[in-house]
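All chains, full assembly: derive it from the sequences and hints.
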Amino acid sequence: MSRQFQERLVFLLITLAALATVTPIVLVVGYIAWKGLPAVSWEFLSAVPRDGMRAGGIWPAIVGTLYLTLGTGVIAVPLGVAAAIYLSEYAKDNSLTRAIRIAIINLAGIPSVVYGLFGLGLFVLFLRFGTSIVAGCLTLSIMTLPVIISTAEEALRSVPQSFRVVSISLGGTKWQTIWRIVLPQALPGILTGVILGLERAAGETAPILFTAAAFFLPRLPDSPFDATMALPYHLFVISTQVPGMPIQIQYGTALVLLVFVLGMMLIATVIRSRARARRQW
Amino acid sequence: MNAKIIIENLSVQYDDGTESLRGISLEIPANEITVLFGPAGGGKSTLLRALNRLNDLVDGVRVTGRILLDGENLLDPGVDVVALRRRVGMVFAQPIPLPLSVRQNVTYGLELAGVRHAGKLETAVEKSLRAAALWDEVHDRLNDPAVALSGGQQQRLCLARALALEPEVVLLDEPTSGLDPISTAKVEVSLQEIKRDYTVVIVPHSVQQAARIADRAAFFLQGQLIEYGPGKDLFLKPKDKRTEDYVTGRFG
Numbered sequence: 000m001s002r003q004f005q006e007r008l009v010f011l012l013i014t015l016a017a018l019a020t021v022t023p024i025v026l027v028v029g030y031i032a033w034k035g036l037p038a039v040s041w042e043f044l045s046a047v048p049r050d051g052m053r054a055g056g057i058w059p060a061i062v063g064t065l066y067l068t069l070g071t072g073v074i075a076v077p078l079g080v081a082a083a084i085y086l087s088e089y090a091k092d093n094s095l096t097r098a099i100r101i102a103i104i105n106l107a108g109i110p111s112v113v114y115g116l117f118g119l120g121l122f123v124l125f126l127r128f129g130t131s132i133v134a135g136c137l138t139l140s141i142m143t144l145p146v147i148i149s150t151a152e153e154a155l156r157s158v159p160q161s162f163r164v165v166s167i168s169l170g171g172t173k174w175q176t177i178w179r180i181v182l183p184q185a186l187p188g189i190l191t192g193v194i195l196g197l198e199r200a201a202g203e204t205a206p207i208l209f210t211a212a213a214f215f216l217p218r219l220p221d222s223p224f225d226a227t228m229a230l231p232y233h234l235f236v237i238s239t240q241v242p243g244m245p246i247q248i249q250y251g252t253a254l255v256l257l258v259f260v261l262g263m264m265l266i267a268t269v270i271r272s273r274a275r276a277r278r279q280w
Numbered sequence: 000m001n002a003k004i005i006i007e008n009l010s011v012q013y014d015d016g017t018e019s020l021r022g023i024s025l026e027i028p029a030n031e032i033t034v035l036f037g038p039a040g041g042g043k044s045t046l047l048r049a050l051n052r053l054n055d056l057v058d059g060v061r062v063t064g065r066i067l068l069d070g071e072n073l074l075d076p077g078v079d080v081v082a083l084r085r086r087v088g089m090v091f092a093q094p095i096p097l098p099l100s101v102r103q104n105v106t107y108g109l110e111l112a113g114v115r116h117a118g119k120l121e122t123a124v125e126k127s128l129r130a131a132a133l134w135d136e137v138h139d140r141l142n143d144p145a146v147a148l149s150g151g152q153q154q155r156l157c158l159a160r161a162l163a164l165e166p167e168v169v170l171l172d173e174p175t176s177g178l179d180p181i182s183t184a185k186v187e188v189s190l191q192e193i194k195r196d197y198t199v200v201i202v203p204h205s206v207q208q209a210a211r212i213a214d215r216a217a218f219f220l221q222g223q224l225i226e227y228g229p230g231k232d233l234f235l236k237p238k239d240k241r242t243e244d245y246v247t248g249r250f251g
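Here the protein sequences line up with chains W and H, keeping their order.
Numbering that gives the first Met the number 0 numbers the first residue of the first sequence as 0 and each following residue consecutively.
Numbering that gives the first Met the number 0 numbers the first residue of the second sequence as 0 and each following residue consecutively.
For the record, the hints were derived by calculation from the structure and aren't laboratory data.
A couple of the hints might just be wrong.
Said to hold, decoys possible - To list a few chain H residues with every Cβ distance to chain W over 10 angstroms, as calculated: (1) E18; (2) D58; (3) G64; (4) Q93; (5) L164; (6) Y227; (7) K238; (8) E243; (9) F250.
As the list claims (entries may be wrong) - Which chain W residues face chain H? A few, computed with CB under 10 angstroms, are given here: (10) R163; (11) T172; (12) R179; (13) Q184.
None of these values were measured; they are calculated from a predicted model.
Think of the CB as a built atom: it goes at the ideal place given N, C-alpha and C, for glycine as much as any other residue.
Below you can see the structure in the form of structure tokens.
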């Protein structure tokens, strides 16, 4: 086998491998859009479900997912960013820090249905929050924390150490240095991690299955302690639990969920690329 | 001699056992340029960083001895390190502008210290940029990002930034190592200006620079202070053979 032929063969194979990873994404989005678009109308987006969810819209599920995502953000972002600041800026390399890191890695590895069961035990039953938005947000927060912590820590660490030394040499305290220099520089990276974490929370079914989601609730939740419909769970329900379900409503719901999640991803990408262009180091 | 800083028996040791400085004693006069020079690894930068406790940022450093700034031991555990660093400013080898505008770089330290008064900040910006011989070049681009300046301008900005706090002592660690000869000359000229108001301690980036600017000079070799005295003496008639070998270029 000549070296030239070998060169071409390898190039061809790795190009095919790269294309192979793109294909499923294009196919999934294309297929869902093709099947789902006919179902999407103003009524579909803005009305409550009727007729045992076989007609009407998915408005309560959209709002529910929005509430769950925002609520998760309110809980997980401050906690996660604070933990990342601790790990990146304050933690010494000792057994406590190592224990925290191992905990975070393990947290990231737990299957999401286990979070759901844990949330049911702790938040729904023991703390008596009931099946509610609060219980769902808390459960999703625990699941989202590892993503936020590790990406935020990464972003903080990528800020050059020399900035910290300069700030300290100019009479800055550690916190002033973090607040005025390190955090602003790390912010785009942190935001990217936050959005990626929340995106996962928005799309998960298992953690809200026992903690927040209502099978059928054709109205908007009226308090944080109310249960709610949510897009992923609604999709699960109408795909498996309701006989005689028009197939296009299933694909329409899937499309809305996909747009919701991909939209968040797009925002993260825009933030990141804008910050890269502006970055001065 | 009016000693601003008195160093007594200063030793710095890292936790792997290596000693960076061994039993240094030295008096640094006010309003003069004191040059710390010698081959790499001699402990010059370590000494400089001891003077504003920047060594604190490195894990596992042991510093013993005393450093008296106006009679007060700044190695005392009870010393307010943040306040100390406002009195003892530092300029590093690489120009490291903070990711802010030119103006914000100069006012950064003052704002950290709680200065809010806009007029006061404006005055400080012009005054320190003039002292660093940079005002004429940047007065119409104060709101530009600091990284847009040339390397030489950035380094003078770093000097201005340190001067804005009106410290009593200015430490410079090879401040011209990354600069072209013209920018270097500008920095050296501004050093002659600022020594009227400040005590200047500098690690030069060459023996030639040491000889050009030194009022007093200290020669360091492998963590020890070999010889210390007026710059003229060290460079023209050194007492120690090792100093002579180094300044005449026989090693280093």
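Quick rundown of the hints versus the structure:
no. : hint : in the structure
1   : E18  : 23 angstroms, holds
2   : D58  : 8 angstroms, violated
3   : G64  : 22 angstroms, holds
4   : Q93  : 7 angstroms, violated
5   : L164 : 6 angstroms, violated
6   : Y227 : 25 angstroms, holds
7   : K238 : 35 angstroms, holds
8   : E243 : 35 angstroms, holds
9   : F250 : 31 angstroms, holds
10  : R163 : 8 angstroms, holds
11  : T172 : 6 angstroms, holds
12  : R179 : 8 angstroms, holds
13  : Q184 : 6 angstroms, holds
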